[in-house]
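Protein sequence lines correspond, in order, to chains A, B, C and D.
Its first residue numbered 1, the first sequence is counted upward by one per residue in the working numbering.
Its first residue numbered 140, the second sequence is counted upward by one per residue in the working numbering.
Its first residue numbered 279, the third sequence is counted upward by one per residue in the working numbering.
Its first residue numbered 418, the fourth sequence is counted upward by one per residue in the working numbering.
One should not assume that every hint holds.
Derived pair list, reagent style DSBU-like, types lysine-lysine, alpha-carbon separation capped at 35 Å [unchecked claim]:
| id | chain 1 | residue 1 | chain 2 | residue 2 |
| --- | --- | --- | --- | --- |
| 1 | C | 398 | C | 355 |
| 2 | D | 547 | C | 344 |
| 3 | B | 259 | A | 105 |
| 4 | D | 483 | A | 66 |
| 5 | D | 536 | D | 494 |
| 6 | A | 105 | B | 244 |
| 7 | A | 66 | A | 81 |
| 8 | B | 258 | B | 220 |
| 9 | A | 105 | A | 66 |
| 10 | B | 269 | A | 81 |
| 11 | A | 77 | B | 205 |
| 12 | A | 66 | B | 220 |
Think of the hints as simulated: they come from the structure by calculation, not from any bench.
In this text the structure is predicted, and so the values were computed from the model without any measurement.
Protein chains: 4
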Amino acid sequence: MYIHTSQIRVRYGETDRMGYLYYGFYAWYYEVGRVEAIRQLGISYRELEDQGVLLPVVEWHIQYFKPAYYDDLITVKTILKDWPIRSAIRFHTELYNEQGELLNKGITTLVFVDAQTRKKTVIPQILREKLEPYFIPAT
Amino acid sequence: MYIHTSQIRVRYGETDRMGYLYYGFYAWYYEVGRVEAIRQLGISYRELEDQGVLLPVVEWHIQYFKPAYYDDLITVKTILKDWPIRSAIRFHTELYNEQGELLNKGITTLVFVDAQTRKKTVIPQILREKLEPYFIPAT
Amino acid sequence: MYIHTSQIRVRYGETDRMGYLYYGFYAWYYEVGRVEAIRQLGISYRELEDQGVLLPVVEWHIQYFKPAYYDDLITVKTILKDWPIRSAIRFHTELYNEQGELLNKGITTLVFVDAQTRKKTVIPQILREKLEPYFIPAT
Amino acid sequence: MYIHTSQIRVRYGETDRMGYLYYGFYAWYYEVGRVEAIRQLGISYRELEDQGVLLPVVEWHIQYFKPAYYDDLITVKTILKDWPIRSAIRFHTELYNEQGELLNKGITTLVFVDAQTRKKTVIPQILREKLEPYFIPAT
């Protein structure tokens, strides 16, 4: 298992007229969580793209429990529970406010895609090497 | 069952550097589908809010099959399959491109909330009356 | 002079906690105005890009007089007053609400750029031909 | 004069199909610059709103010199050069990339508005006190 924690402050232009962070803007928060989780491994998602691998989202399931408000400092917890299966990698994400309340949680599935052919491909070798230590089976 | 169809053209600022409509921007498309579905009933979602009922999203599950591209004219099919249960209303949404290909589909669950107390409430009478004819049980 | 008029309805996720359309989202509205203005000429901006010409914004000046609100149907008036000078094209934009009130107005300057080299280039021949009839000098 | 510097990393969903940060998303960057500039004074913009003063944008003028790209770490320099005149406050903003290149610069004018009446009001006392030391005339 691999866990990363980021912090993001809610911007004015992300709120809606209810005063809540608009439900769609969480996509950007989840994305930042994933990207910073990868950066912490010592590589950047941009480098993966520059090496010819894209990572589009193929499924997103999110449950909203409490709203986030303007200027809240949100904690984004990003978890890789399972080793990527074939071309797919699945991130678990949890968002918390400053009171430690769980705001929402979700599962985002992405697939490794060749930037040229736009066909599915395997996990890049560099990412595989960085992640493997977190998934060594107990013996 | 109640079905509505809208059309939305993909804006430049909604695409990302892959050239795809960014996965989070579909929240706006799904929202437009729901809002126009309600408007077709003869009421507007804004009126519901002005009467003191909010409708925040509590769950969203979306599966992405194919990307939408810049300037694509997207057909948004919004379906109410089931009568709202207590405070929750569940919309099924399907997006198609101009070739009729299914781009993605999702289920969005929203709850009726009192604008003052921000507590769950029942479906507003005006919306109930407009929707009922589509859910009359066959006898 | 060349004038085009579009209509756009304000989405929930474009409003902010003041209840106003967030000042940055007007960029998408101005963009739609420009794109539809070009489409009315018989070509699409996407085609221009597919032919290798990009049109990034190099300057934007907007004055906000009144807010737009959720669900407002906005009229976007896009005006080309002057023939493009060298690589630059300048659009004047005015937004009106359903009461005909001027909400904001702005000037957006874009430059024709070669998609490969990302260097300035001249106005594409196809766009030039379509626009010229609107700028024929009276004799 | 009062100067503040923030840093913001470009998110994937803020880029467009040119690979550039979309010109409208800079509104969020400029906003973060202003908000963090105020926070550095020891008050938060949210507090000002909670005390009944809104600060909508009434004019924005931005010149784009170079694009920002995905994952760039952008430096946002926010400058108050002049003491607020009547109800208006004017921020100068400059954005730089990691190479120190000026990407764009702009002037944003906002007005203090009473949250209840939505009429112009004067600068809140708390903000006035925090800012005054930076604008004491040399004698």
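Each hint tested on the structure:
no. : hint               : verdict
1   : 398(C) with 355(C) : holds, 27 Å
2   : 547(D) with 344(C) : holds, 30 Å
3   : 259(B) with 105(A) : holds, 21 Å
4   : 483(D) with 66(A)  : violated, 40 Å
5   : 536(D) with 494(D) : holds, 30 Å
6   : 105(A) with 244(B) : holds, 20 Å
7   : 66(A) with 81(A)   : holds, 24 Å
8   : 258(B) with 220(B) : holds, 25 Å
9   : 105(A) with 66(A)  : holds, 10 Å
10  : 269(B) with 81(A)  : violated, 46 Å
11  : 77(A) with 205(B)  : holds, 28 Å
12  : 66(A) with 220(B)  : holds, 26 Å
Consistency note: the structure conflicts with the earlier hints numbered 4, 10.
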